[in-house]
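K.L.:
First to last, the sequence lines map onto chains A and B.
For reference, each letter of the first sequence is one residue, going 0 to 258 in numbering that gives the first Met the number 0.
For reference, each letter of the second sequence is one residue, going 0 to 259 in numbering that gives the first Met the number 0.
Treat each hint with caution, since some may be false.
To be verified - Quick list of the computed label-pair ranges, beta carbon to beta carbon:
hint, chain 1, residue 1, chain 2, residue 2, range
1, A, 139, B, 142, 16 to 24 Å
2, A, 235, B, 4, 55 to 63 Å
3, A, 181, B, 76, 36 to 44 Å
Claimed, not checked - Every beta carbon over 12 Å from chain B, so not counted as near; a handful from chain A, in silico:
hint, residue
4, 35
5, 37
6, 64
7, 130
8, 136
9, 199
10, 240
No lab work stands behind these hints, which were simulated from the structure alone.
Where a beta carbon is used, it is the ideal one built from N, C-alpha and C, also for glycine.
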Amino acid sequence: MNSTSTSSSIISLRNVGKTFDSGTVALDGFDLDVREGEFVSLLGPSGCGKSTALRIIAGLSAPSRGAVRWAVGEDTSAGRLGFVFQEPTLMPWATVAANVGLPFKLAHTKESYARECVGRALERVGLSGFAQNYPRELSGGMKMRVSIARALVTEPQVLLMDEPFAALDEITRFKLNNDLLALWQMLKRTVVFVTHSVFESVYLSQRIVVMTPRPGRVFTEIAIGAPYPRDERFRTSAEYGAFCRTVSKALGQATAEAA
Amino acid sequence: MTDRILRVALPVAVLALGVLAWGLVVYLKKIPSFVLPSPGLVFATLVKDWALLGNSLLVTLLTTLEGFVLAAAGGIGLAVLFNQSRLLEYSFYPYAVILQVTPVVAIAPLLLIYLPQPAAVLACAWIVAFFPVLANTTLGLNSVDHNLLALFNLYGASRAQALWRLKLPSALPQILTGLRIAGGLSLIGAVVAEIAAGSAGAGSGLAYRIAESGYRLNIPRMFAALLLLSVAGIAIYFALSYVTYLALRRWHESAIARER
Chain A
0 MNSTSTSSSI ISLRNVGKTF DSGTVALDGF DLDVREGEFV SLLGPSGCGK STALRIIAGL
60 SAPSRGAVRW AVGEDTSAGR LGFVFQEPTL MPWATVAANV GLPFKLAHTK ESYARECVGR
120 ALERVGLSGF AQNYPRELSG GMKMRVSIAR ALVTEPQVLL MDEPFAALDE ITRFKLNNDL
180 LALWQMLKRT VVFVTHSVFE SVYLSQRIVV MTPRPGRVFT EIAIGAPYPR DERFRTSAEY
240 GAFCRTVSKA LGQATAEAA
Chain B
0 MTDRILRVAL PVAVLALGVL AWGLVVYLKK IPSFVLPSPG LVFATLVKDW ALLGNSLLVT
60 LLTTLEGFVL AAAGGIGLAV LFNQSRLLEY SFYPYAVILQ VTPVVAIAPL LLIYLPQPAA
120 VLACAWIVAF FPVLANTTLG LNSVDHNLLA LFNLYGASRA QALWRLKLPS ALPQILTGLR
180 IAGGLSLIGA VVAEIAAGSA GAGSGLAYRI AESGYRLNIP RMFAALLLLS VAGIAIYFAL
240 SYVTYLALRR WHESAIARER
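Produce the complete structure using the sequences and hints provided.
P.N.:
Here it is as C-alpha cells:
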C-alpha cells in the first residue's frame, strides 16, 4: 500500500502508534511519507487520530511506538515548522503585529529583521492595515489569517494545519482555501493539512491520505491529479465532483471497516 | 446614558434618604448623643478631631498598604512557584488554605504575643489578604490556552519566556480580581489586629481610636472613625477597579462595553 518512494520525502513516519494514558489507542501502525513541496491532506472522521498524527509530526506529542524521521535532521524546532490550530490561538493581550512576531521574540531575533518579516507576512494574508489592532477587533476569518501569517513568518519548510477552517462559515472558508492555495504556490512549501471535509481536501490537495478511525491508520491514498491554479471553475467542474465521489467512497469504506 | 446617571444617582439618593431618616429619628425621639449621635454631630466631630483621626487614618492606611503589597507579592509569588513545581504545590497549598479558614480574630492575639506590635498588625493584614491573590493567580496560571502553550513549545520558548510572555499576561484578569479582593481584606486584617492590639493598650490606628472612644463613651468619635474606615475601603476598591480597567480595557472582554 505504501509504495511511495522515500527518497524525496521530507518527513517519514514508520509504524507510529500512540496510546493515551486513558488507554485510548489513537494511532496504530501509522505510516506516512510527506514529500518536499507537496500539499497532502489527512482525511478521516472525528477522533481518527489525524490531529494526533499532526502533533506527533510537530513534536508536540511523543509517539508511543514507531519512529518519526525528518530529512533535514532532528531539529524540528524554532522556525522550521509552522503550525496552525483549529482555533486562531492568538494572544488576546497582544496586537496583531506582536502575535505574528511571537516566533522571533521567543528566538531573540533582531528587532529590525523581525519587523520586516512581520510586515511581509501580514501583507501576504492581506492584513497590512491591521498590525496595531487587537485580535478581538477582528472577524473569525481575519483571526485565522493572523494565525496563518504567524505560522509563515519564519518561512518554515513545513506548514502543519489542524482543521484550520473548520470553525468558519462556508464563504469565508472558500476564500481562505483560495488564499492558502495561492500562498502555497507562491512560497512552494510543504503543507500537511488535517481535515474531515471531503470537499475541502479534494479542492486543496495533491494527495489525500484517508484514515480509519480508532485506531487511526492509513486506509488508502488518493492522488488528486487536477492542475493548479485551482479556482471556482474547478470547484464546480465534473472532474471535482468525480474526485469527491471517489474520496467519499473511500472514506465510507474506511469508516465501515473499523465499525 | 440614562443608565449611567441612574447608577450614580440612585445610590446617592438612597444615602441621602438614609442620613435624613437617621437625623430625623435622633431629633424626634431626642436620643442622647452617647447612644446615637446625629449625622451632623458625627460630621462636626470628624472636623473637630481631624488632627487626631487624620493621623490615625494615615497609620491604618499605611499598614493596609504594606499588608496589601506583601499579600500581592506573596500571593503572586507563591502561585508562580506552585505553577512551576507540582511538588511544592502539593506540599504547601493545604497550609495556605488552613491559614485562610482560621479566623484572623483568633490568630491576632497570638501574633501579638510573638511579634512586635506593628509586625503583628502587618502579619494579620497579610494573612487575610494573600489567599485570594494566591487562589486567583493559581486559577489564572492553570487556565492558559493549551494550544498557545503548545505553540510556545514549538518555537522553543524557555520556562521563563512561557511564564513572562504567556502565563502571567493570560492570568492578569484573575490576578487583578485577586488584588481587588485583597485590597479590602488587608484593611479588614489591619483593623482586626489593631482592635486586638488596642485592647492590650497600644497603637494609634483608626481601629484603636474606635476601641478607645468606646471605652470613653465618645460615641460621635466612634462613628466618625468608622466613617473614615468605610471611605478608605471604598477608595481602595475604586482605585483597584480603575487599575483593572486600565490594564484590561484594550483586550479583555470584561472591560469592553457591549453594544446592545
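K.L.:
Take the hints in turn and mark each one as holding or not.
P.N.:
Taking the hints in turn, this is what the structure says about them:
Remark: the range hint 16 to 24 Å for residue 139 of chain A to residue 142 of chain B is upheld by a beta-carbon distance near 22 Å. Under the hint 55 to 63 Å, the C-beta atoms of residue 235 of chain A and residue 4 of chain B, about 58 Å apart, fit the expected range. The given range of 36 to 44 Å is broken by residue 181 of chain A and residue 76 of chain B, whose C-beta atoms sit roughly 50 Å from each other. With a minimum CB-CB distance of about 20 Å to chain B, residue 35 of chain A clears the 12 Å threshold, and the non-interface call stands.
Distance check on residue 37 of chain A: its Cβ is at least 22 Å (rounded) from any Cβ of chain B, clearing the 12 Å threshold; non-interface status holds. Its beta-carbon lying about 22 Å from the closest one in chain B, residue 64 of chain A satisfies the requirement of being farther than 12 Å from that chain. Distance check on residue 130 of chain A: its Cβ is at least 15 Å (rounded) from any Cβ of chain B, clearing the 12 Å threshold; non-interface status holds. Residue-level check failed: residue 136 of chain A sits 9 Å from the nearest beta carbon of chain B, not beyond 12 Å.
Listed as a non-interface residue, residue 199 of chain A keeps its Cβ farther than 12 Å from every Cβ of chain B; the least gap is roughly 21 Å. No Cβ of chain B approaches the Cβ of residue 240 of chain A within 12 Å, the least distance being about 35 Å, so the stated non-interface status holds.
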